[in-house]
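Asker: With the sequences and hints as input, model every part of the structure.
Residue numbers (my numbering), protein chains in the order written: chain E, 208 to 799; chain X, 64 to 462.
Treat the hints as calculated values from the structure; they're not laboratory data.
Using 27 Å as the maximum straight-line C-alpha spacing, the simulated DSSO-like pairs for lysine-lysine come out as follows: (1) LYS345(E) / LYS380(X); (2) LYS253(E) / LYS254(X); (3) LYS420(E) / LYS415(X).
Negatives, chain E to chain X, calculated, CB over 12 Å: (4) THR279; (5) ASP324; (6) LYS542; (7) GLU593; (8) LEU672.
Beta carbons: idealized from backbone N, C-alpha and C, even for Gly.
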Amino acid sequence: MSLRDIISPFSVWKRAAQKPWTIADPIKDRPGADNYRGFHKNDLAKCIGCGTCENICQNAAIDMVPVEGQETNMGDSGLRPRIDYGRCCWCALCVDVCPTGSLTMSNEYTWISEDADDFRFIPGADKKGWDNAEKGYKRDENFQLIDFERIPMKELGVEERSTSFIEMVKGYSKEQAIAEAERCLECGICVARCPAHMDIPEYIKAIREDDIKSAVQILYKTNPFSASCGRICTHRCEEICSLAHNGEPIAIRWLKRYILDQVTPEELTNILEDTIQSNNKKVAVIGAGPGGLSTAYYLRLLGYEITVFESNAKGGGMLRYGIPEYRLPYDQLDKDIDYITSLGIKIKYNTKISSKSEFNAIYNSHDALFISPGLWNSIPVNIIGEELPNVISGIDLLNKVTNNEEIKLGKKVAVIGGGNTAMDAARTAKRLGAEVEIYYRRRIEDMPADVEEIEEAQDEQVKFLPQTTPLELKKNGSKIKFLWGKNKMESEEGKRPKPVLIKGKTYETDIDTFIIAIGQNTDLSFLPNEIRDKIETKWNKIVVNEIGQTSVEKIFSGGDSSNNVADAVSAIADGHNAAMGIDKYLNKQEEI
Amino acid sequence: MTKISETKYPNFKANRSNFPEMENGKPVIDLDSHKFTKLWQGPQHPGVTGNMSVEITINGDEIVHAKTHVGYLHRGFEKLLERRKYIQGFTIVCRICVPEPDTNEYCYSTAVEELAGIQIPDKASWLRTLNLEMSRIASFLMWIGGQAGSLGMGVIGQWTVGMRDFWLDLFEEMTGGRIYHMYIIPGGVRKDLPDGFVTRTRDLVDRTRELLFEIKKSFLDNIITKSRLVGLGIITPDMIDEYGIVGPTAKASGKEYDVRMNNPYLKYPELDLKMITLTGGDAFTRAEIRYQEMHQSLDIITQILDKMPTEGDIQTKLTNVINWKIPAGETYVKAESTRGEHGFYVVADGSKYPRRVYNRGASYTHAISVLEKLAVNTSISDLAGLMVSLHTCPPEIER
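Answerer: Here it is in structure tokens:
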């Protein structure tokens, strides 16, 4: 202690003359920093209501609630996050995990209300002063807490695959499948989109936990064609996957395939432990495609005696005869069908119902019928020369390949159409050694085929000629002279652009085979006239009610011949639905 | 009870009486004798750091017995963490200590990274070091306010807490939050520095240094401070290991122990920092140590700003954190907080949730065993100053 210790503290007086540090009006003069974590903002149009924010919130401050004017649709739950600021700890994990990036924070941190309930509101829907604030916490591009990148799938190289029918997709290994399953946010948006409403998050969870047994059981609750669907499903679920908004969707289809790849047919029987107690009611199924066999499967589980009538030599319908082997190997389809038939379902193959008496015999001897005849009639393009010998339909080509019939396509092939059948026909023709061109009347982006099929076809050197119209086919020795014109796209308000032929200029191409794949329709000629007249149809599709029943009480229908989507999983969904419908009809229950 | 030798510590002033009388190693306190009064200091006492109370028994103004009571802010962090996903944990651990949350974030995140086998990018490591040093400054500034306040010098606290707010402004720019930064996240950090941050930080370093010189003049070179703190609460070197005393409190008694130098982590090996020790062992020496450590931290911040790369990743890409499982294992991660060694022991059992998260803060020993011992024979008016000189943070005791 010294004299300095006595004098030196008086230096504090120096400060008396200084200006205070306190800001008079902090809210105005000093707003929150650029990335301040203040009140939330939510872009309602971008938000899909996936609930990942609710899931990650460790304070349970977020509830997903319906919002007035926000409609539920495919890929949008219609719910929006409501935040309770009595619980929120402003950690912004909800912002970091938001897969669409709709949820952000403003730099606003002061707000006064007399009512404590006001501090629980839906950002975006309940208008607040900071809704348009530019500053505030946002997730940086290079900062990720969820995984936007898909585990790549091993595929055959382009050269190898375009010359053989070996399955091109190799499937996931266990490590890959688990890693891919770990990306799932478990939001369940996909379940509503899947026509069969498969419990996708649950089976993905089972993969994550390496519990193949539960995974298989979950799959079979809604889909007895999982081995096939795991390969060729149109996977609408992936289009709306919440990860697809800013990254790559979960490979839901490949994960489904992975599950079935892990079990042998014997294991399948042991895992599912389906036991049948017959109820002595008889149901006939016409058409052993995915729709018909799904109905058969779910009815059989309920104890019905099922007989399936199939005109082809094997079951599977379009899955076998309409889809090339490089996408769906026959042994995988057999795995699905064998399990279904192992439950005591009788299938009469090579049985085409061609007479009235045959149909009536079936009609009278069964309690109910399910008809799923499929789409086997190719729609013609209606041009001169269509009757020439080297003109075949896409579906015929695929059918012949499946049946190992001899096919001579020649060197150069033109495929007309832009759907999946056109792609399958074109890629099959390519594998048979032809040079293939696809002619489609609209633009490539308008093609109804799956994007990946289009891309794969392009990789395989299939040439695309969009905005073209076939005009005429002329015989030119053993070849065909194919005349075609170009289209321009005319946009009409509220409708998709329409192709209009540019007149005056005609192009010529010498081809060997002309393949028509612009669509197929149903052949109902197996039905006796009096029944066919009674069955209501619209745009060549059988009209059914919500339980799959046609206008003839005893006849139910589903699959490509009745739904407009015409894909395998919709047929399976129809089959499941009709099975429940038939059960309800035969038991006259009020509720299924 | 052993008496502190007066020859070795001439300023020691606690040897005032013979109370308490000892019998079988325990003080004899007969409340019915009317010689004693029981008092509760806290939990609402302004001299108490946080919600903690000291039950004292006095004879006249002399404390003859002290007992620390906690339980006023038990929030169950360790239990909460067992029911939270790994990623959710970092938003909770910061709340364990309000004035210095970042050490908790760092230890927790690093423990999770170690268990998950994650390496963080170089830039993230620099940003973490910067964040931790800034946090030390903010915490020490708050402490000076408390120490001066406990001696009745409220104005010092106004300056330092005001200056701390400027540091919080920087935290706000850097992390998006003023108090709970939630910046150090498993995998790296959340944001890169905003534009102009480095310049503003250098500027604030200079301003803080200026303030520290003023504080030296008005608070440390002050006859009142010296007469109150010199000789108060002497910690002898043999107590350090016995009680587990760490940080500036130990360094003031000559112990050369600082996690940043003894077990270097983050970018500390690349920085120039020296161990600061003094031998006084009393409250005033502890204040001096902390004063010097503040200068040291300001110096470290300048070094970091000089050496830190401007470009680089701030995060190692994680798997989807919602399904993040961490292989079974256990680890202990420690760092130097302003109060001393601060550690997290985390056990993973292979699931999405930690099996056990244990937090070891310096305050547990400082505020319970050490304070209870040092308080005996001091004056009741010195208790608040003594407590602050140990720099306790009660939430650390009650995780």
